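Enquirer: Spelled out, the chains give:
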Amino acid sequence: NAGVTQTPKFQVLKTGQSMTLQCAQDMNHEYMSWYRQDPGMGLRLIHYSVGAGITDQGEVPNGYNVSRSTTEDFPLRLLSAAPSQTSVYFCASSYLWAGYTEAFFGQGTRLTVV
Amino acid sequence: KNEVEQSPQNLTAQEGEFITINCSYSVGISALHWLQQHPGGGIVSLFMLSSGKKKHGRLIATINIQEKHSSLHITASHPRDSAVYICAAAYSGAGSYQLTFGKGTKLSVIP
Numbered sequence: 001n002a003g004v005t006q007t008p009k010f011q012v013l014k015t016g017q018s019m020t021l022q023c024a025q026d027m028n029h030e031y032m033s034w035y036r037q038d039p040g041m042g043l044r045l046i047h048y049s050v051g052a053g054i055t056d057q058g059e060v061p062n063g064y065n066v067s068r069s070t071t072e073d074f075p076l077r078l079l080s081a082a083p084s085q086t087s088v089y090f091c092a093s094s095y096l097w098a099g100y101t102e103a104f105f106g107q108g109t110r111l112t113v114v
Numbered sequence: 001k002n003e004v005e006q007s008p009q010n011l012t013a014q015e016g017e018f019i020t021i022n023c024s025y026s027v028g029i030s031a032l033h034w035l036q037q038h039p040g041g042g043i044v045s046l047f048m049l050s051s052g053k054k055k056h057g058r059l060i061a062t063i064n065i066q067e068k069h070s071s072l073h074i075t076a077s078h079p080r081d082s083a084v085y086i087c088a089a090a091y092s093g094a095g096s097y098q099l100t101f102g103k104g105t106k107l108s109v110i111p
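Listed in order, the protein sequences are those of chains A and B. Mapping the first sequence onto the working numbering, position 91 (from 1) lands on 91, and the numbers just tick up by one. Mapping the second sequence onto the working numbering, position 86 (from 1) lands on 86, and the numbers just tick up by one.
Derived by calculation from the structure, the hints in this document are not laboratory data. Just so it is clear, the structure is predicted and the values come from calculations on it, not from any experiment. Just so you know, even glycine gets a beta-carbon here, dropped at the ideal spot from N, CA and C. You may find that some hints are simply not true.
[Said to hold, decoys possible] Partner residues aside, some chain B positions facing chain A, computed with beta carbon under 10 Å: (1) GLN6; (2) ILE19; (3) HIS33; (4) GLN37; (5) GLY42; (6) PHE101.
[What the hints assert, rightly or not] Below are the BS3-like pairs computed for lysine-lysine, each with C-alpha atoms no more than 27 Å apart in a straight line: (7) B/LYS54 - A/LYS9; (8) B/LYS53 - B/LYS68; (9) B/LYS103 - B/LYS68; (10) B/LYS54 - B/LYS68; (11) A/LYS9 - B/LYS68; (12) B/LYS53 - B/LYS106.
Turn these sequences into a full structure, and let the hints steer you where they fit.
Expert: Put into structure tokens, the structure is as follows:
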């Protein structure tokens, strides 16, 4: 059971470049989400999805795009990278009622935008 | 907006000490998660609780819904417990939920 697989682990981008962070889970979880973690701050929600074809914005969605074509995959796209997007990104998944179930996190992607 | 406050921000303990990390939240939640993050590593779920108390090995988590407060205790601490511990409040609505995270408590256990 692989859990949540997130790639890449490290990435350096130039300002203006685009890229996609991949996230896949094999637990048939309905709920998937992307967070960013910055020094001195708690993780903040970027986008989330409650099932294939359904996505919604979180607290800090600007500059990011998501889609959910399958239950397993939830990629995060940076459209035009900016230095302010330098951060550590985490993907997570859970059953929908994860007010009541465990959340599973990927290993994180450390992104630097120069 | 739900806010989550953790204390202390940093904690240094001698091996064997009993450790307590506190978490307070501002509005009613459906559950409270405790997470562990090792340096350079990912995030692992330790506990999810909506009432009472849970225990796993040397770790104990409690929650007081009326006081909107949760604690994570580590008994007989060990250097391998050194990590950042994060609490996250889950609040549900409109067929979904969101997690609001505390800033984390960095624990260092010295041999």
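Enquirer: Confirm or reject each hint.
Expert: Each hint, compared with the structure:
{"no.": "1", "hint": "GLN6", "result": "8 Å, holds"}
{"no.": "2", "hint": "ILE19", "result": "20 Å, violated"}
{"no.": "3", "hint": "HIS33", "result": "6 Å, holds"}
{"no.": "4", "hint": "GLN37", "result": "9 Å, holds"}
{"no.": "5", "hint": "GLY42", "result": "4 Å, holds"}
{"no.": "6", "hint": "PHE101", "result": "4 Å, holds"}
{"no.": "7", "hint": "B/LYS54 - A/LYS9", "result": "33 Å, violated"}
{"no.": "8", "hint": "B/LYS53 - B/LYS68", "result": "14 Å, holds"}
{"no.": "9", "hint": "B/LYS103 - B/LYS68", "result": "17 Å, holds"}
{"no.": "10", "hint": "B/LYS54 - B/LYS68", "result": "17 Å, holds"}
{"no.": "11", "hint": "A/LYS9 - B/LYS68", "result": "36 Å, violated"}
{"no.": "12", "hint": "B/LYS53 - B/LYS106", "result": "23 Å, holds"}
Comparing the model with each earlier hint shows violations of hints 2, 7 and 11; every other hint is respected.
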